[in-house]
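A.B. asks: Take a look at the letters that make up each chain.
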Amino acid sequence: MNMQTSLSQEWYKFRHQPGPLLGLLVLLGLMLIMALSAPVTQSAVVMGFGTPQWLLMIIVIIGANFFIMEDQHTTIRTLLYRHTYRWSIYLAKLLILSLYTGVLVLLSLLFTGLLKIVFAPQLSWQDGQLFSHLLVGMAGTFLVAILLLTIILWLACLFPINTVVIGLGLILVLTGQGIASLTIDANPMLTAILKWQPLNMLNLMAQLPDSSYQKDTHLSNVQLLVGAIGYSGFFLAIGYWRFKHKRV
Amino acid sequence: MQAALSQEYYKLLHQKLTWFAPGIIVGLMLLMPLTFNDPNWLVMANFGSSQWILLVLIIVGATFFSMEFQHNTSLTLLYKAPNRRTIYLAKFVVLFGYNITLHLFALGLTILFNTLAIGGHANWLIPYQYHQNLLMNTIMTATIDLEMSLILIGCLFLLTCLLTNNAVVVTTSIIIVFMGQALSSMLLHEHPQFGSWLRWNPFNMLNLTFQYANYPVYHKLTQLTNGQLLLGTLGYAVLFLWLGNWRFNRRHF
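The listed protein sequences derive, respectively, from chains A and B.
Position 182 of the first sequence, counting from 1, maps to 182 under the working numbering, and the rest follow consecutively.
Position 228 of the second sequence, counting from 1, maps to 228 under the working numbering, and the rest follow consecutively.
Among the clues, some could well be false.
Simulated crosslink set (DSS-like; lysine-lysine; CA at most 27 Å straight-line) [said to hold, decoys possible]:
| # | chain 1 | residue 1 | chain 2 | residue 2 |
| --- | --- | --- | --- | --- |
| 1 | B | Lys80 | B | Lys16 |
| 2 | B | Lys16 | A | Lys246 |
| 3 | A | Lys13 | A | Lys246 |
| 4 | A | Lys215 | A | Lys195 |
| 5 | A | Lys13 | A | Lys244 |
| 6 | B | Lys16 | A | Lys244 |
| 7 | B | Lys11 | B | Lys80 |
| 8 | A | Lys246 | B | Lys11 |
Listed below are several chain A residues computed to face chain B (Cβ distance under 7 Å; list not exhaustive) [what the hints assert, rightly or not]:
| # | residue |
| --- | --- |
| 9 | Val164 |
| 10 | Ile166 |
| 11 | Leu170 |
| 12 | Leu174 |
| 13 | Ala186 |
I should point out that these hints are in silico values taken from the structure, not numbers from a laboratory.
For every residue, glycine included, the Cβ atom is placed at its ideal position computed from N, Cα and C.
Throw the hints in and build the complete structure from the sequences for me.
C.D. replies: And the structure:
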């Protein structure tokens, strides 16, 4: 069977889960809470009312569940039996999840705009390049989410238990940047190598709108971008390799 | 009871995860000396192992408990057991045993790291906090942390019995570990007029280990003494476990 069939199958399975819709509602709800709980400042708008962190957490949960549920219910056997190539299944799952991420990012962008108009009409979009900073921040969030998805799918092939993958994914989202900056600053001799570690690429979403992060990451925007895309490719490759040789 | 216990032990020990998960603790304990360079404090705080032990407990505990629901094997288990309370209690005892092992493991690593002088060397016998020597402080921290982790086990058991989706259980518990303390101090900061009530909120109890290791800073945050925190922790742990048991007895499978 070809890619198109795989895509439509995966889309059908994704669409008939309650999780994705719930994830979207939770994201918008959390943004609303963030907007209501503190005075709306320029930096709150640039960060999309905390979008990056919440969005990544939701992606971890939805991605891990989508991939692993099939394994746990052993329906993956039928799926693999009916397909000649495993890559079309793996890629179709990743594409559907990326599409979902894209939709989440777009909707949270629109919702940020709406929240700003309602709660902080005095802030101007042009002031301090508010709009362009918000836009590049969201683009960065999207790329980091894709990197995270490739990591999650790789982990899901390694440990086919959803609690484990979700746990590790959340630890990554919540502490990844901290661990990166700690290890980079720890040994000045190794900074040149350690700054290229995958965890450092998670800073992309923060650094694009706010260049002051550069002193923590020791990488320029372009280098971070290349790193994030490169690591996505790397994790996709090792994840697929694992998936291909997996016994089910 | 004995049969139930040995069953649960068998299941826990035959999970690969049980053996691999402590690896996370080693890695993250090694990161601690990069942030703090006071060797005495590092040793007393068990290299910050508290939080990582909680995370491992959540991942292993949630998997251990909810996998059975997912594979529908809990039906057989319930059918063969004398009553549901036995199973619940056995699961708790086994997970608490794992918890003790994790704490001993972290304590051993602390001694090892100090001997290897990772993050500086501290003398075990120098008098440190609470008019005790450092060794005593270190052991006390581990013991107190053991009690603190009870509240999280209780919370995990309650959530597992309350919710059907284990993804939500894991996520909620991890968010509590990472954000609970911040949430509690935010509550206390924003509503000082209800402070005398709000300081007894369950999230505040998560500060117990940190407050023991760093009393002056954390006492201002929690507004409770060590003893009060300990009491609150045990109270909430019992409450959560009891509620979980109540829910487990009435759950349909």
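A.B. asks: Of the numbered hints stated earlier in the document, which are not met by this structure?
C.D. replies: Result: no hint breaks.
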